[in-house]
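Q: Sequence lines, in order, name chains A and U.
Residues are numbered in our numbering as their position in the first sequence, beginning at 1, plus a constant of 86.
Residues are numbered in our numbering as their position in the second sequence, beginning at 1, plus a constant of 218.
Hints listed in this document are in silico derivations from the structure and should not be mistaken for laboratory results.
SDA-like, lysine to any residue: derived pairs with alpha carbons at most 25 angstroms apart:
1. A/142 <-> U/248
2. A/127 <-> U/325
3. A/127 <-> U/408
4. A/142 <-> U/437
5. A/127 <-> U/338
6. A/142 <-> U/488
7. A/127 <-> U/331
8. A/127 <-> U/221
9. A/142 <-> U/244
10. A/165 <-> A/109
11. A/127 <-> U/367
12. A/142 <-> U/486
13. A/142 <-> U/409
14. A/142 <-> U/430
15. A/127 <-> U/382
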Amino acid sequence: MIEFHLDARSGVSPYQQLVQQVRQALRLGLLREGDQLPTVKDVVGRLAINPNTVLKAYRELEHAGLVAARPGVGTFVTKTLSDSSLAAHAPLRRELESWLRKARRAGLDEESIDALFRDTFRSITLEGVA
Amino acid sequence: MSSVLQARGLGKRYGRRWALSDCTLSIPAGCVAGLVGPNGAGKTTLLHLAAGLLKATVGTIEVLGESVRGRPEQLARVGFVAQETPIYPTLSVADHLRFGAKLNPSWDDALAQDRIAGLGLERRQRAGQLSGGQRAQLALTLAVAKRPELLLLDEPVASLDPLARREFLRGLMEIAADREVSVVLSSHLVGDLERVCDYLIVLAASRVQLAGRVDDLLATHRRLIGPRRDASALPDGQQVIEASHTDRQSTLLVRTEEPIRDPGWIVEQVSVEDLVLAYMDQAAGAGRERGRLEAVRR
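Next up, chain U with everything else stripped away, as it sits in the complex (with noise of 0.2 angstroms):
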């Protein structure tokens, strides 16, 4: 199998408002993707559409090479944990475990009982008594017990302190290590994704601004610095990101598949908070446009 999530013109409209629109994506097998962008960018809305919570306005969805339909057999292969981490309070953490066998025919009971131990977890605390940190694990437990092949998670560490935010990751990593799995995270928290993904999803404005695996797109873009000039005197195929001027200097970020041959440039390696930023600013910049253009419309 070599996409575990394809979407094609997939858009999700409520009202007059698109949540997300003309959405083409292919995030591989075996990778870590991470799905970032401003609040209200389309992450959560994609994250549902994948794990059949809602249904498309347009375009279609397949996970795991199967159109979603919520059909309870490609649900039992895809493992979800929403944002507010959804967990039942006044239940015990070993409810929560038995709950989870219960409901799920492929449930690992010794994984699950391995992690609440490696955790520290007391199997009879309430789940509402549990920390910020642990209520997360606790969810990512039961979401990986079931054996998923494809693991949904939506901004898992957004309400986490830096030392609880550090162990969840720990913990996801060794999930993703046993290669079993195949993982899509949203977060607007771009330092942690810089570490744990391999693969990048840049949404804004309802939109897919950029994908690709990490690797790919650190080597395709970068920083160039020299005397003022124009972004136009550029050669073909080094396409501007983001442009700034001085009186005297340009900074340019451009995406290219050849190196720069230009001798009048600087030229340095980006990183992934540079490239998220760029494509948010990207994005941003053109909402403005388009709303400078309608107001002169009027």
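Here chain A stands alone, though its shape is the one from the complex (with noise of 0.2 angstroms):
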């Protein structure tokens, strides 16, 4: 069972931000086939926000075909989006941070790493689609 937290300064809509919570845990691994999600009152006990804003959310993670709805038992994960790259994340993680490191000496800060990133990510995603 994972646990919704709301950032209210995101910009993000609440509904979004659980959307993106439970594929989050889908990647990560946090969630598996078979798991179910935080009932509808649950969530709104503990975020304390609005029953539909939590329905709207599993409703679009139900049309991404990721959780099915059993009525009057609850949500559950029907796949999972993790699969075999769960394997590649521990290297990867490791080759990045060393990467960091590597920019952090020399010299650049949070944020122009950042842009750096999403500059890179958006050229080879272009390359990708080229």
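Take the two lone chains, each set in its own frame, and fit them into one complex as the hints suggest.
A: Next comes the structure, spelled out in structure tokens:
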């Protein structure tokens, strides 16, 4: 079971934050096929948000084929996003850490690292498309 | 049932002052509706009219599909918590529940006992000795245990500290999650409303300035930032709610059903707080304008 949290200042709507947190948990292997998501009542009782916000998030995840609602029981994960790539996470993380240390030594601050990452990511993605 | 509260041309006058005028509204069932506005905007008046505590001067108001006349059968279907969290200071928590059971035919004692236990309230304690947050929770418990179809809450969290406020809203959302009750609550704390409400009503200067589902309202409002230009030069269908200009730049908040196609604008999403403030400001501006015109006429 995962626990949701909300960042009020992120500019991302609460329902999208819930969707992202489930996708993130699936990608990191924190949620696996068959796991149950917290009930709507649990989520609203914890976060003090509107029940429709949670329902909307769960509906979107259902449309994406990631979860399924079993009436009267709850909402369950039906698919995992991590599969075989999960094994690659650890070595990739180590490489990324050493790269980040290098960037720091070169004098880049957080903002410049973020900008450089996004820019590189964008151009690589565009290459993939072309 | 499509609408839990429907008002048409509703108005309430005290002496020469209109506390609420020309109020036309339809709040859908199953929503948590937030009623926002500055003090004295008419929020309490509207809730009291809905609860059958006041009689309208003009217009009509229907609650749960029936005109409000103070019939006991109708009142039994509505839970109302007034602003001053009405409890009896000398009575114990258990006494309150006993009274609730006696006065309400549909009283759900298991629900009441569960909530009191869940809140950790001491049953023998006098209500006057409870903290503000506990008093509010007790008043909410009494209103909910009568199993109403509509719950009206007047500024339920205004006097609570942030922690008690969050606790209260958590409980309220759990109640709303059971889907058997629609909620209308007034507040001037916009941050709280943004989380808990899916329907919004902005009341200012005794009139409804804006009403709709939060999702729809957010989808139809945009902030436009660009080189200075006159608001009247916008295409039809883009209604300017708020405009500010420097000598070079214009910042507009517009309402529009269409996407913004003009590449000259930077287009940004707005928050519930932005909307509430813009509509309240517009109402205040209209008030000032009326004042000026009257001054000129004199």
